[in-house]
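Participant: Listed below, chain by chain, are the residues.
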Amino acid sequence: MNLAIRDIRHKLSRFLLTAVGIGLLLMIVMGMAGIYQGLSEDALSFLERTKADLWVVQRGTRGPFAEISRIPWNLEDRVYAVTGVAKARAFVSHTIQREYQSRPLRMVVQGLAWPQDDGNVLPLIAGRVLGQAHYEMLADRTLGLRLGDRVSLGKDIYTVVGITAGMTGPAGDGFAFFTIPDSIAIQYDTPGEAIRLEREARRSRLRRQDLGNTQPILQERAAGPASQLPALGTQNVSAIMVNVAPGVDPARVAKVISGWSDVTVYFNNVQRELMLRSIERNRKQLGMFRTLLVIISAIIMALILYTLTLDKMHDIAMFKLMGARNRTIVALILQQALLLGALGYALAYSIGLWVFPFFPRRVAITSANLVQLALIVLAISVLSSLLGIWKAMSVQPNEILA
Amino acid sequence: MRDVSFQVRRGEVVALLGPSGAGKSTLLTAIGLVNPPTSGRITISGCPVMDGPRPLVNLRAFRRKYLGFVFQKANLIPFLNALENVQVALEINDASPRKARKRALELLEYLGVADRSHSLPSTLSGGQQQRVAVARALANNPSLILADEPTAALDSHRGRQVMELFRMVAHEHKAGVIVVTHDHRALDVFDRILEMEDGELRPFAVASSNS
Numbered sequence: 001m002n003l004a005i006r007d008i009r010h011k012l013s014r015f016l017l018t019a020v021g022i023g024l025l026l027m028i029v030m031g032m033a034g035i036y037q038g039l040s041e042d043a044l045s046f047l048e049r050t051k052a053d054l055w056v057v058q059r060g061t062r063g064p065f066a067e068i069s070r071i072p073w074n075l076e077d078r079v080y081a082v083t084g085v086a087k088a089r090a091f092v093s094h095t096i097q098r099e100y101q102s103r104p105l106r107m108v109v110q111g112l113a114w115p116q117d118d119g120n121v122l123p124l125i126a127g128r129v130l131g132q133a134h135y136e137m138l139a140d141r142t143l144g145l146r147l148g149d150r151v152s153l154g155k156d157i158y159t160v161v162g163i164t165a166g167m168t169g170p171a172g173d174g175f176a177f178f179t180i181p182d183s184i185a186i187q188y189d190t191p192g193e194a195i196r197l198e199r200e201a202r203r204s205r206l207r208r209q210d211l212g213n214t215q216p217i218l219q220e221r222a223a224g225p226a227s228q229l230p231a232l233g234t235q236n237v238s239a240i241m242v243n244v245a246p247g248v249d250p251a252r253v254a255k256v257i258s259g260w261s262d263v264t265v266y267f268n269n270v271q272r273e274l275m276l277r278s279i280e281r282n283r284k285q286l287g288m289f290r291t292l293l294v295i296i297s298a299i300i301m302a303l304i305l306y307t308l309t310l311d312k313m314h315d316i317a318m319f320k321l322m323g324a325r326n327r328t329i330v331a332l333i334l335q336q337a338l339l340l341g342a343l344g345y346a347l348a349y350s351i352g353l354w355v356f357p358f359f360p361r362r363v364a365i366t367s368a369n370l371v372q373l374a375l376i377v378l379a380i381s382v383l384s385s386l387l388g389i390w391k392a393m394s395v396q397p398n399e400i401l402a
Numbered sequence: 403m404r405d406v407s408f409q410v411r412r413g414e415v416v417a418l419l420g421p422s423g424a425g426k427s428t429l430l431t432a433i434g435l436v437n438p439p440t441s442g443r444i445t446i447s448g449c450p451v452m453d454g455p456r457p458l459v460n461l462r463a464f465r466r467k468y469l470g471f472v473f474q475k476a477n478l479i480p481f482l483n484a485l486e487n488v489q490v491a492l493e494i495n496d497a498s499p500r501k502a503r504k505r506a507l508e509l510l511e512y513l514g515v516a517d518r519s520h521s522l523p524s525t526l527s528g529g530q531q532q533r534v535a536v537a538r539a540l541a542n543n544p545s546l547i548l549a550d551e552p553t554a555a556l557d558s559h560r561g562r563q564v565m566e567l568f569r570m571v572a573h574e575h576k577a578g579v580i581v582v583t584h585d586h587r588a589l590d591v592f593d594r595i596l597e598m599e600d601g602e603l604r605p606f607a608v609a610s611s612n613s
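Top to bottom, those sequences are chains A and B.
Sequence positions in the first sequence follow the working numbering and run 1 to 402.
Sequence positions in the second sequence follow the working numbering and run 403 to 613.
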């Protein structure tokens, strides 16, 4: 007969309540691992989908994700001209926060090289990809936008034509995808008053110089429409994504591009490492909390099992008096520890499945995490039973007669 | 205990009387291989088991095969029902669960509590609990049953019933029974009565063979 099961049955409500408590604690451990994993997945969500071989960014920077990078858009043509390059696409990434329907809307603006990149690699759950060069956007569902919503950004209005899932940045902000010109217009949107002030400042600077006084036509040009920065200035993007032709060694292409003095080239796996390093501190923090929680769970389980054993000391003395072997008593305590751990784990998983989707950040529970946690729970169960077993072994059968 | 020396035969019921602090429980725990004596020898079923404080056999294994215990409080395991309380004693002695269950049921029937076999100890009366405790003590056909104040918590009617139970068990199962008791009301059921005072053991009275 199984003594552990019978003892549990006798005090079922207490056992179940204890299991719920352990389960909630383990759920937090599981959630921490999930947030830890989610941070990585968020950081890499877009990178993994682009499948670019190389990333060309501003010289000396770790852009476009770990750091700001600004390179001329026309670099796309220069890169495309390199032997072995099959595709070169511009890419824009920056974070903005605007007001939308009286609430702050914070998003990571991603510019896609439409029509080459129309969002077909993205995990769309509703709507369609970008269908025109301007005024359309794809929004991640974490932004709370719906298909057909019209969002005012800069001087234009963009219609949501597609909704994605699981596309968030390292800081947890949802992605919004536009065409490159639209993303640049949003990034460099300048209020009218700022333009007027800049025009007047230029006129004022010219009037203070001989050049302005000797050539009055310059004052007119400095303030006219032709002098507006977007019209004359070079439009910048964050990076150029490069795909090499089949059979071409990406290292060879990288060697050519890295010889240019205005850019830096990263392989996709290096870009990946840069991304993960940018969230390293967060990951370490979560990792430490998780370790602490595991230790706390082990201590709490040990105390619970010790208390359960103390409740049974008289019965254990009786078993010893009847001649029960040590292994019978060890099995009683160890089986209860394992059952408590198993039930706690099952409750952690079930409750977690229900609760985690409501968390503001992605909680990504992988099979590896589940297996790892199961092993941790097994180890905790065994270790925490040791205290109870030690106490049980110390009881003497003559205590029955006390 | 001071130079205590006596024998109990199989099938004999012996009462051990004496005031509190006389050494009765000390003697019982020594015979029960729970508290070793300082000196002297203990032999059970012809097998020397203790030589002073030194055990000559595996005491726990010996207890489960040759000894049975009944206490003032029945000390039944609270999370096992009556049947399981007896069954566990058999399984501890390596009986298969099926055989253990069958034997346990037979013992409960023999002791008149089979109708309560699925009841937890908390729902049994004091007398019923003691019957289950006696069944448990008998489970492995012990050579010797040790009972420490088994009727102290019972009224005189039930107390006598339990004492008569011991007599029946001793005679039918050929087990020696030693009962430590303060209760003088049912002394006629015993084959022999010993008295302990200040650690010394002496005969109190010898009951008639017809009792």
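Please note that the accuracy of each hint is not assured.
[Said to hold, decoys possible] In silico EDC-like links for lysine to aspartate or glutamate, alpha-carbon gap of 20 angstroms or less:
{"no.": "1", "chain 1": "B", "residue 1": "K475", "chain 2": "A", "residue 2": "E41"}
{"no.": "2", "chain 1": "B", "residue 1": "K475", "chain 2": "B", "residue 2": "E551"}
{"no.": "3", "chain 1": "B", "residue 1": "K475", "chain 2": "A", "residue 2": "E399"}
[What the hints assert, rightly or not] FRET-style restraints, in silico, Cβ to Cβ:
{"no.": "4", "chain 1": "B", "residue 1": "S558", "chain 2": "A", "residue 2": "I296", "range": "29 to 39 angstroms"}
{"no.": "5", "chain 1": "A", "residue 1": "H10", "chain 2": "B", "residue 2": "A555", "range": "57 to 67 angstroms"}
{"no.": "6", "chain 1": "B", "residue 1": "D405", "chain 2": "A", "residue 2": "I296", "range": "17 to 27 angstroms"}
{"no.": "7", "chain 1": "B", "residue 1": "M570", "chain 2": "A", "residue 2": "A331", "range": "34 to 44 angstroms"}
{"no.": "8", "chain 1": "B", "residue 1": "S524", "chain 2": "A", "residue 2": "M313", "range": "41 to 51 angstroms"}
{"no.": "9", "chain 1": "A", "residue 1": "A331", "chain 2": "B", "residue 2": "H559", "range": "35 to 45 angstroms"}
{"no.": "10", "chain 1": "B", "residue 1": "M570", "chain 2": "A", "residue 2": "R325", "range": "45 to 55 angstroms"}
{"no.": "11", "chain 1": "B", "residue 1": "S524", "chain 2": "A", "residue 2": "A331", "range": "46 to 56 angstroms"}
{"no.": "12", "chain 1": "B", "residue 1": "A555", "chain 2": "A", "residue 2": "S394", "range": "20 to 30 angstroms"}
[Claimed, not checked] Here are a few chain A residues that sit away from chain B, every Cβ distance over 12 angstroms (derived from the structure):
{"no.": "13", "residue": "A4"}
{"no.": "14", "residue": "R9"}
{"no.": "15", "residue": "I28"}
{"no.": "16", "residue": "A66"}
{"no.": "17", "residue": "Y188"}
{"no.": "18", "residue": "A245"}
{"no.": "19", "residue": "F267"}
{"no.": "20", "residue": "L274"}
{"no.": "21", "residue": "V294"}
{"no.": "22", "residue": "K312"}
{"no.": "23", "residue": "I316"}
{"no.": "24", "residue": "N326"}
{"no.": "25", "residue": "T328"}
{"no.": "26", "residue": "L339"}
{"no.": "27", "residue": "N398"}
Think of the hints as simulated: they come from the structure by calculation, not from any bench.
Using N, Cα and C, we set each Cβ at its ideal position, and we do this for glycine too.
Participant: Does the hinted range 57 to 67 angstroms hold for H10 of chain A and A555 of chain B at CB?
Facilitator: 23 angstroms, violated
Participant: Any Cβ of chain B at or closer than 12 angstroms to A245 of chain A, or is the non-interface label fine?
Facilitator: 73 angstroms, holds
Participant: Are M570 of chain B and A331 of chain A spaced within 34 to 44 angstroms by their CB atoms?
Facilitator: At 36 angstroms between Cβs, range holds.
Participant: Does the no-contact call for N326 of chain A survive, Cβ to all of chain B over 12 angstroms?
Facilitator: 9 angstroms, violated
Participant: Quick check for students: does the CB of F267 of chain A sit more than 12 angstroms from each CB in chain B?
Facilitator: 64 angstroms, holds
Participant: Against chain B, does V294 of chain A keep a CB gap of more than 12 angstroms to every residue?
Facilitator: Holds, because the least Cβ-Cβ distance between V294 of chain A and chain B comes to about 31 angstroms, which exceeds 12 angstroms.
Participant: That 41 to 51 angstroms hint for S524 of chain B and M313 of chain A (C-beta), does it hold up?
Facilitator: 18 angstroms, violated
Participant: Is the nearest Cβ of chain B still more than 12 angstroms from the Cβ of I316 of chain A?
Facilitator: Given that some Cβ of chain B is not farther than 12 angstroms from that of I316 of chain A, nearest at about 10 angstroms, it is violated.
Participant: Quick one: work out the minimum CB distance from L274 of chain A to chain B and report holds if it exceeds 12 angstroms, violated otherwise.
Facilitator: 60 angstroms, holds
Participant: Is the nearest Cβ of chain B still more than 12 angstroms from the Cβ of T328 of chain A?
Facilitator: 7 angstroms, violated
Participant: For K475 of chain B and E551 of chain B, compute the direct alpha-carbon distance and say whether it is at most 20 angstroms.
Facilitator: 9 angstroms, holds
Participant: Just double-check A66 of chain A for me: nearest Cβ-Cβ distance to chain B has to come out over 12 angstroms.
Facilitator: 60 angstroms, holds
Checked against the numbered hints given earlier, the structure breaks hints 1, 4, 5, 6, 8, 10, 11, 13, 14, 22, 23, 24, 25, 27 and satisfies all the rest.
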